[in-house]
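Residue-level listing of the chains:
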Amino acid sequence: MIGNNLKIAWRNMAKNKLYSFIKIGGFAFSIAICILIVLYIKHETSYNKFYPDMDRIYRLVIQLPIENKTERWVSLSAPVAPTLKAEIPSIEQTGRILPNPLFGAGSNQLSLNNSPDSHYDDGFVYVDQSILDMFPMPMVSGQLSHALDKPNTLVITRSKAEKYFKNDPIGQTIYLNNNKSKAYTITGVIEDMPNNSTLAGYSFFMSLAGEPFYQGEQTAWLNNNYTVYVKLKPNVSIALAEKEISKNYLEIHYLPEYLKSGRKLNPLFKQAKITLQNALDMHLKSADISDDKVSTLNRGDIRMVWTFATVALFILFIACINFINLSTANAATRAKEIGIRKTIGSSRKLLVGQFLVEAICYSVLSLIIGLFLSWLLLPVFNHLANKSLTIPWIAAYFFPSLLAAILVIGLLAGIYPALYLSKFKPITALKNNVIGSKSSLFRNSLVVFQFATSIILIVGALVTNKQINYILDKDLGFDKEQVIVLRGISTLSKQLPSLKNELKSLPNVTSVSMGDFLPVPIDGAKRNGNPFWVDGRKDFDMATQGQFWEIDQDYLNTFGLHLNKGRNFDPTRATDSSSAIINQKLADELHLKNPIGAKITNGNTWTVIGVVDDFIFESLKDKGYTGLCMTLQGNPSLLSIKVKPQHLKETLADITAVWDKFAPNQQINYSFLDEGFESLYQDVERTKNIFTCFALVAIFVAALGLFGLATYVTQQRTKEIGVRKVLGASAIRLLRLLSGDFIKLVFVALVIATPVAWWAMNQWLTDFNYRIEINWLYFILAGMSAILIALGTISYQTWKAIRANPVDSLRDE
Amino acid sequence: MIQLKNLFKWYNVGGTRSFVLKDVSLDIAEGDFISIMGPSGSGKSTLLNIIGMLDEPDEGQYIFMGENVLEMKAKKRTQLYQSHIGYVFQAYHLLDELTVYENIETPLIYKDISSKERKAIVADMLDRFGIVGKKDLFPAQLSGGQQQIVGIARALAGSPKLLLADEPTGNLNSKQGEEIMDLFKQLNDDGVTIIQVTHSEKNAEYGKRVVNMLDGQLK
Numbered sequence: 007m008i009g010n011n012l013k014i015a016w017r018n019m020a021k022n023k024l025y026s027f028i029k030i031g032g033f034a035f036s037i038a039i040c041i042l043i044v045l046y047i048k049h050e051t052s053y054n055k056f057y058p059d060m061d062r063i064y065r066l067v068i069q070l071p072i073e074n075k076t077e078r079w080v081s082l083s084a085p086v087a088p089t090l091k092a093e094i095p096s097i098e099q100t101g102r103i104l105p106n107p108l109f110g111a112g113s114n115q116l117s118l119n120n121s122p123d124s125h126y127d128d129g130f131v132y133v134d135q136s137i138l139d140m141f142p143m144p145m146v147s148g149q150l151s152h153a154l155d156k157p158n159t160l161v162i163t164r165s166k167a168e169k170y171f172k173n174d175p176i177g178q179t180i181y182l183n184n185n186k187s188k189a190y191t192i193t194g195v196i197e198d199m200p201n202n203s204t205l206a207g208y209s210f211f212m213s214l215a216g217e218p219f220y221q222g223e224q225t226a227w228l229n230n231n232y233t234v235y236v237k238l239k240p241n242v243s244i245a246l247a248e249k250e251i252s253k254n255y256l257e258i259h260y261l262p263e264y265l266k267s268g269r270k271l272n273p274l275f276k277q278a279k280i281t282l283q284n285a286l287d288m289h290l291k292s293a294d295i296s297d298d299k300v301s302t303l304n305r306g307d308i309r310m311v312w313t314f315a316t317v318a319l320f321i322l323f324i325a326c327i328n329f330i331n332l333s334t335a336n337a338a339t340r341a342k343e344i345g346i347r348k349t350i351g352s353s354r355k356l357l358v359g360q361f362l363v364e365a366i367c368y369s370v371l372s373l374i375i376g377l378f379l380s381w382l383l384l385p386v387f388n389h390l391a392n393k394s395l396t397i398p399w400i401a402a403y404f405f406p407s408l409l410a411a412i413l414v415i416g417l418l419a420g421i422y423p424a425l426y427l428s429k430f431k432p433i434t435a436l437k438n439n440v441i442g443s444k445s446s447l448f449r450n451s452l453v454v455f456q457f458a459t460s461i462i463l464i465v466g467a468l469v470t471n472k473q474i475n476y477i478l479d480k481d482l483g484f485d486k487e488q489v490i491v492l493r494g495i496s497t498l499s500k501q502l503p504s505l506k507n508e509l510k511s512l513p514n515v516t517s518v519s520m521g522d523f524l525p526v527p528i529d530g531a532k533r534n535g536n537p538f539w540v541d542g543r544k545d546f547d548m549a550t551q552g553q554f555w556e557i558d559q560d561y562l563n564t565f566g567l568h569l570n571k572g573r574n575f576d577p578t579r580a581t582d583s584s585s586a587i588i589n590q591k592l593a594d595e596l597h598l599k600n601p602i603g604a605k606i607t608n609g610n611t612w613t614v615i616g617v618v619d620d621f622i623f624e625s626l627k628d629k630g631y632t633g634l635c636m637t638l639q640g641n642p643s644l645l646s647i648k649v650k651p652q653h654l655k656e657t658l659a660d661i662t663a664v665w666d667k668f669a670p671n672q673q674i675n676y677s678f679l680d681e682g683f684e685s686l687y688q689d690v691e692r693t694k695n696i697f698t699c700f701a702l703v704a705i706f707v708a709a710l711g712l713f714g715l716a717t718y719v720t721q722q723r724t725k726e727i728g729v730r731k732v733l734g735a736s737a738i739r740l741l742r743l744l745s746g747d748f749i750k751l752v753f754v755a756l757v758i759a760t761p762v763a764w765w766a767m768n769q770w771l772t773d774f775n776y777r778i779e780i781n782w783l784y785f786i787l788a789g790m791s792a793i794l795i796a797l798g799t800i801s802y803q804t805w806k807a808i809r810a811n812p813v814d815s816l817r818d819e
Numbered sequence: 068m069i070q071l072k073n074l075f076k077w078y079n080v081g082g083t084r085s086f087v088l089k090d091v092s093l094d095i096a097e098g099d100f101i102s103i104m105g106p107s108g109s110g111k112s113t114l115l116n117i118i119g120m121l122d123e124p125d126e127g128q129y130i131f132m133g134e135n136v137l138e139m140k141a142k143k144r145t146q147l148y149q150s151h152i153g154y155v156f157q158a159y160h161l162l163d164e165l166t167v168y169e170n171i172e173t174p175l176i177y178k179d180i181s182s183k184e185r186k187a188i189v190a191d192m193l194d195r196f197g198i199v200g201k202k203d204l205f206p207a208q209l210s211g212g213q214q215q216i217v218g219i220a221r222a223l224a225g226s227p228k229l230l231l232a233d234e235p236t237g238n239l240n241s242k243q244g245e246e247i248m249d250l251f252k253q254l255n256d257d258g259v260t261i262i263q264v265t266h267s268e269k270n271a272e273y274g275k276r277v278v279n280m281l282d283g284q285l286k
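Chains D and H are the protein sequences, given in the same order. Going by this note's numbering, the first sequence opens with residue 7, and the numbers climb by one from there. Going by this note's numbering, the second sequence opens with residue 68, and the numbers climb by one from there.
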C-alpha cells in the first residue's frame with residue numbers, strides 16, 4: 007500500500023510540475039531558514055554549558071533602582087573577591103577578571119624573548135588563577151592548576167602558541183609594548199576558547215597575582231574595574247548567599263570606605279544590592295548590563311533569540327499554509343481521481359492515508375533540498391548573525407530530529423488537505439462539481455496571516471534601516487572623517503615627539519594628535535569614570551560623574567572640536583600642566599557660571615582654561631556623552647592623523663614610510679576613525695540585515711501561497727468570468743473584480759500588522775537613546791509593497807482567466 | 068439478490084421538493100441482465116448510483132444479498148461494495164497517473180489482496196481481455212474502446228457478483244460498442260449480474276429485461 011502511495015505521489019508531483027515546484031520550493035526555503043535558526047538558537051543557549059559545576063558559579067551583579075529603571079553593572083573593586091572568600095563561609099572560591107584597557111588588557115604590541123620584532127595582537131585579559139579553575143580548559147602543555155599563581159605569568163591559547171612559537175612555549179618570555187622592565191613568563195598553553203564560552207575572544211590570560219597596578223590599588227574599594235565570579239559551596243541557598251554578599255560588600259566595606267573618603271552619600275546607594283547571575287545566564291541575559299560589553303567580547307541577547315525563534319515558527323507556519331492552500335487549490339484536478347478511487351473501493355481512511363503519504367513525500371523532498379539550501383546559506387547566515395555555526399552532520403541527534411521534523415511538518419501540512427479532499431462524495435467528485443464555498447474563512451485567514459507577517463517584517467526592515475542611517479549620519483559634534491589612527495605607538499616612547507613632528511610635516515597631513523582617549527570608543531581607545539567637584543566643595547556636594555581624559559594640544563584641532571570659551575592648551579606655559587579643558591556638560595553640572603579660571607577637582611585640582619561644545623563620544627545607544635575634563639599629559643599608544651581628503655593613497659604611503667623609519671621591527675597598524683565608528687553599530691547593522699532577509703523570505707513564501715490561492719479562486723470563478731465576458735465585461739473590470747478580494751485581504755493584514763509592528767519596533771527603539779520616531783509612512787510603504795507584490799503574484803492567474811475563451815468555460819456538460 | 072422498496076429521492080428547490088426518484092421498487096435476481104432506459108433526467112443514473120452504494124435515497128429500503136444497506140456502517144458497506152460490486156462508467160474514469168496494469172490492480176490493493184495474488188489476477192484479466200501488450204501504457208495512450216475495456220477489466224478484477232454500467236458505450240463508436248456489449252453478454256453467461264443504463268435500444272436488447280423510467284418513476 008505504501009509503495010503504491012509513494013508511486014502515486016511521485017507521479018502526481020511529476021505531473022503538476024509548477025505546483026510541485028512551488029510547494030517544495032517554498033517548503034525547502036522555509037526549512038532551510040528554520041534549520042539555520044535552530045542551529046543559531048542551539049548555539050546561543052549552549053554558552054558555558056560544557057564547564058563543570060556551572061550550577062554553582064555566579065557573577066556578581068550590582069543593581070540599583072534609578073528613576074523607574076533598574077540599572078545593573080558588573081564592575082567591582084579589587085578587594086571584593088578575596089574579602090568575600092575570606093569572610094563568607096558559603097563561598098568556595100572567588101575569581102576576578104580585569105578586562106580594562108587602562109591597565110593593559112585588550113590589544114597590545116607583543117615581542118618575544120630577545121627578538122626586536124613587535125607584533126600587534128588582541129585578546130589580552132588579566133585573570134585570577136581561580137578563573138581558570140572555574141572555567142577550565144584542557145591543557146596543551148603546562149599545568150592548569152597553578153599556572154597563574156606567580157606574578158607576571160601568562161597562559162596563552164593553542165592558536166597563539168602556534169602563531170608565535172615553533173616549540174613548547176612554556177618558560178618563554180614575552181614583553182608588552184616594548185616595556186623591557188616587565189617580562190611575562192608563559193606557564194601554560196590551553197586549548198582555544200570555544201566560541202560558546204564566556205571567555206571566548208580572549209587568548210592571553212595574564213596573572214593578577216603580585217604587585218598592584220598602582221599604590222593601594224588592590225585595597226581600594228571605590229575603584230571599580232574588576233568583574234567578580236564566585237563559586238558557592240554545594241547546596242547553598244542563592245537567596246541567602248546574595249543577602250550575605252550584599253551585606254558584606256555594601257554595609258561592611260563599601261559604604262564605610264565611601265564615607266571615610268569624605269564623599270557625600272547618594273541616598274540611592276542604600277537601595278543598591280548585589281545579585282548573583284548564574285554563569286549559564288550570562289550570555290543571553292546581560293543585554294541591560296551597561297559595562298558587560300567591557301568584559302564580554304561576544305555578547306548575546308535573549309530578545310534576539312526570541313525574535314529568531316518567532317520568525318522561524320512564522321516562516322514554517324507560512325510554508326505549511328502554502329502547502330494547504332496549494333493542495334486544496336488543486337482539489338478540482340484531484341476530484342476525479344478521488345471519485346474513481348472511491349467507486350473502485352477505496353475507503354476514506356485509505357484516501358487520507360494516501361494524501362498524508364503524499365504530503366510527507368513533499369516534506370521529505372523539501373527537507374533534503376532545505377538541508378542543502380541551509381548548507382549553501384550557512385556562510386551568509388554566519389555573516390549576518392556574526393557567528394561561526396556549522397551543520398552538525400554527525401551529531402547523534404541530528405538526523406533523528408530531522409526525521410521527526412519531517413513527519414511533524416508533513417502531517418501538519420497534510421492533514422487538512424487530506425481530510426478536505428477525502429470528504430468528496432464520489433458522484434459529485436466525478437461530475438467535477440467540487441468547488442467548495444466561494445469565500446472560505448479558513449483560507450482567507452491564512453492569507454491574512456501570511457501578509458500580516460510579511461508586513462510586520464517589512465516595517466521592521468524599514469525602521470531598522472532608518473535607525474542605522476540616523477545613527478551613522480548623526481552630527482556628533484566632532485569630525486570623524488579623514489582621521490587615521492595608528493596603534494601601538496607606545497613602543498617608541500622617547501621617539502614619539504619626533505615621530506609626531508615628522509608626520510605633521512607630511513604634505514597632506516593637517517594635524518597630528520597623540521592620546522588614547524579618542525572621541526570614538528574604538529579598539530584601544532580608553533574610557534574611565536571620575537568624580538568631580540568644584541574645588542573646596544568635596545565635603546559638601548554630591549560628586550558629578552565624568553570622564554577624565556589625557557590629550558595633547560593638537561586634539562581639538564585634529565577632531566574638529568569647537569572651543570566656545572577660553573583657549574587651547576599651550577605646552578610652553580608651565581601652568582598648563584595643571585590646566586583643564588572641560589565640556590559644556592561638566593560646566594553645567596558643576597554650575598560654573600564663569601568656567602574660565604574656575605578650579606575643579608577629582609582628587610587633583612585643575613584650573614579650567616577652556617570649554618568645548620558637547621560632542622558625542624559614547625554609543626548613541628546610551629546617553630552619548632557625560633561630563634568631560636581633558637588635561638595635558640599622557641603616555642599614549644594611539645596617534646591620530648587628520649589628513650586631507652585628496653591623494654589618500656599617497657598620504658598613507660608617506661605615513662607608512664615614516665613609521666617604518668621609526669619602528670623597523672613593528673608593522674604599521676592603522677585604521678580609519680569613521681570605519682571604527684561604523685563598526686560600533688555592527689549589531690544594529692546586523693539586525694537591519696536580518697530583518698531585511700526575513701522580510702524577503704516571508705514575502706517570497708507568502709507570494710507563493712497567494713499564487714496558489716489565486717489559481718484556486720480563478721478556477722472556481724471561471725464560469726462566472728465566462729458569463730460576465732459574454733455579457734460584455736471589459737478586461738479591466740474583470741481584473742478589478744478578481745483582484746479586489748485579494749487586495750481586501752491585504753488591507754485586513756495591514757490593519758492587523760500595524761499595531762503589532764508599531765509596538766515591536768518601539769520596543770526595539772527603546773534600546774537607543776538617540777532614536778527616530780516611527781513614521782506612519784512606513785506602514786503605508788509596507789502595505790503598498792504588500793499590495794503590489796500581491797497584485798503581481800495574482801496577475802498571471804487572473805490574466806489567464808480573463809483571456810480565456812468564455813465558450814470553453816461555459817461548455818461543461 | 069437486490070430488493071429496492073419504495074425509494075424516494077428529492078432535492079429541495081425553493082421550498083418545493085423536486086423528485087428524482089419517486090416510489091421506485093425493483094427486484095433483481097442473481098444472474099439477471101437488466102437495461103434501464105429512459106430520457107435524460109428521468110433518474111436512471113441516480114437509481115444506478117443508489118444500487119451501487121455511491122448515493123443514498125431519502126426514503127425507502129435497499130436490501131442487498133439479504134442485508135439492509137442503508138442501515139449499515141460505512142466500513143461494512145465499503146467491504147460489501149468491494150467484494151460484490153464492479154462499476155463501469157461512460158467516461159471510463161481510469162486513473163490518468165496509473166498504467167493499465169496499475170489501474171486494474173488498484174481495487175485489489177484496496178481489498179488487501181496479497182501482492183502475489185494480485186499479480187495473478189491482473190495477469191489473468193490482461194490475458195482475458197487481450198490487452199497484455201498494453202499493460203504498461205497510460206490511459207491517454209489508448210483509444211476510447213481500449214480504455215473502456217480496461218475499465219471493465221478493472222471492474223471485474225475483484226470478481227464482483229454485480230456489474231453496474233452507466234452508459235458504457237456512450238463515448239464509443241458502434242463497432243467498439245458492439246464489442247463491449249458482446250463482452251457483457253458473455254460475462255452474464257458466466258454468471259455475473261449486470262445492470263446497465265443506456266439510451267440505445269440496440270444495447271438494451273443484449274439484456275434479459277428492460278426497465279423504463281420517466282420522471283423518477285418506473286413504468
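Hint data in this document are derived by calculation from the structure and do not stem from the laboratory. Treat the hints with caution; some may be incorrect.
[What the hints assert, rightly or not] In silico PhoX-like cross-links for lysine-lysine, where the CA-CA straight-line distance does not exceed 20 angstroms:
{"id": "1", "chain 1": "D", "residue 1": "431", "chain 2": "H", "residue 2": "252"}
{"id": "2", "chain 1": "H", "residue 1": "269", "chain 2": "D", "residue 2": "13"}
{"id": "3", "chain 1": "D", "residue 1": "431", "chain 2": "H", "residue 2": "242"}
{"id": "4", "chain 1": "D", "residue 1": "13", "chain 2": "H", "residue 2": "178"}
{"id": "5", "chain 1": "H", "residue 1": "242", "chain 2": "D", "residue 2": "429"}
{"id": "6", "chain 1": "H", "residue 1": "242", "chain 2": "H", "residue 2": "269"}
{"id": "7", "chain 1": "D", "residue 1": "355", "chain 2": "D", "residue 2": "13"}
{"id": "8", "chain 1": "D", "residue 1": "510", "chain 2": "D", "residue 2": "480"}
{"id": "9", "chain 1": "D", "residue 1": "21", "chain 2": "D", "residue 2": "510"}
{"id": "10", "chain 1": "D", "residue 1": "431", "chain 2": "H", "residue 2": "202"}
{"id": "11", "chain 1": "H", "residue 1": "183", "chain 2": "D", "residue 2": "429"}
{"id": "12", "chain 1": "H", "residue 1": "242", "chain 2": "H", "residue 2": "252"}
{"id": "13", "chain 1": "D", "residue 1": "429", "chain 2": "D", "residue 2": "355"}
{"id": "14", "chain 1": "D", "residue 1": "13", "chain 2": "H", "residue 2": "183"}
{"id": "15", "chain 1": "D", "residue 1": "355", "chain 2": "H", "residue 2": "72"}
{"id": "16", "chain 1": "D", "residue 1": "486", "chain 2": "D", "residue 2": "655"}
{"id": "17", "chain 1": "D", "residue 1": "650", "chain 2": "D", "residue 2": "510"}
{"id": "18", "chain 1": "D", "residue 1": "276", "chain 2": "D", "residue 2": "266"}
{"id": "19", "chain 1": "H", "residue 1": "242", "chain 2": "D", "residue 2": "13"}
{"id": "20", "chain 1": "D", "residue 1": "627", "chain 2": "D", "residue 2": "532"}
{"id": "21", "chain 1": "D", "residue 1": "629", "chain 2": "D", "residue 2": "75"}
{"id": "22", "chain 1": "D", "residue 1": "629", "chain 2": "D", "residue 2": "486"}
{"id": "23", "chain 1": "D", "residue 1": "355", "chain 2": "H", "residue 2": "202"}
{"id": "24", "chain 1": "H", "residue 1": "252", "chain 2": "H", "residue 2": "178"}
{"id": "25", "chain 1": "D", "residue 1": "429", "chain 2": "H", "residue 2": "228"}
{"id": "26", "chain 1": "D", "residue 1": "342", "chain 2": "D", "residue 2": "249"}
{"id": "27", "chain 1": "H", "residue 1": "142", "chain 2": "D", "residue 2": "355"}
{"id": "28", "chain 1": "D", "residue 1": "500", "chain 2": "D", "residue 2": "486"}
{"id": "29", "chain 1": "D", "residue 1": "355", "chain 2": "H", "residue 2": "269"}
The hints, checked one at a time:
1. D:431 / H:252: Distance ~31 angstroms between residue 431 of chain D and residue 252 of chain H Cα, so the pair is violated.
2. H:269 / D:13: Judged against 20 angstroms, a Cα distance of about 42 angstroms means the pair is violated.
3. D:431 / H:242: 34 angstroms, violated
4. D:13 / H:178: This hinted pair holds, its Cα atoms lying about 18 angstroms apart.
5. H:242 / D:429: Cα-Cα ~39 angstroms, so violated.
6. H:242 / H:269: Answer holds: residue 242 of chain H to residue 269 of chain H is near 12 angstroms, not above 20 angstroms.
7. D:355 / D:13: 18 angstroms, holds
8. D:510 / D:480: With a Cα-Cα distance of about 29 angstroms, the restraint between residue 510 of chain D and residue 480 of chain D is violated, given a limit of 20 angstroms.
9. D:21 / D:510: 76 angstroms, violated
10. D:431 / H:202: 30 angstroms, violated
11. H:183 / D:429: Answer violated: residue 183 of chain H to residue 429 of chain D is near 32 angstroms, above 20 angstroms.
12. H:242 / H:252: 15 angstroms, holds
13. D:429 / D:355: Holds, at about 10 angstroms.
14. D:13 / H:183: 18 angstroms, holds
15. D:355 / H:72: 31 angstroms, violated
16. D:486 / D:655: Answer holds: residue 486 of chain D to residue 655 of chain D is near 18 angstroms, not above 20 angstroms.
17. D:650 / D:510: 12 angstroms, holds
18. D:276 / D:266: 16 angstroms, holds
19. H:242 / D:13: 36 angstroms, violated
20. D:627 / D:532: It holds: about 18 angstroms lies between the C-alpha atoms, which stays within 20 angstroms.
21. D:629 / D:75: Status holds; Cα separation ~15 angstroms.
22. D:629 / D:486: Cα-Cα ~19 angstroms, so holds.
23. D:355 / H:202: 28 angstroms, violated
24. H:252 / H:178: Not OK: residue 252 of chain H and residue 178 of chain H at ~27 angstroms, beyond 20 angstroms, violated.
25. D:429 / H:228: 28 angstroms, violated
26. D:342 / D:249: Since the Cα atoms of residue 342 of chain D and residue 249 of chain D sit roughly 75 angstroms apart, the hinted pair is violated (cutoff 20 angstroms).
27. H:142 / D:355: 10 angstroms, holds
28. D:500 / D:486: 28 angstroms, violated
29. D:355 / H:269: Measuring from Cα to Cα gives roughly 42 angstroms; hence the hint is violated.
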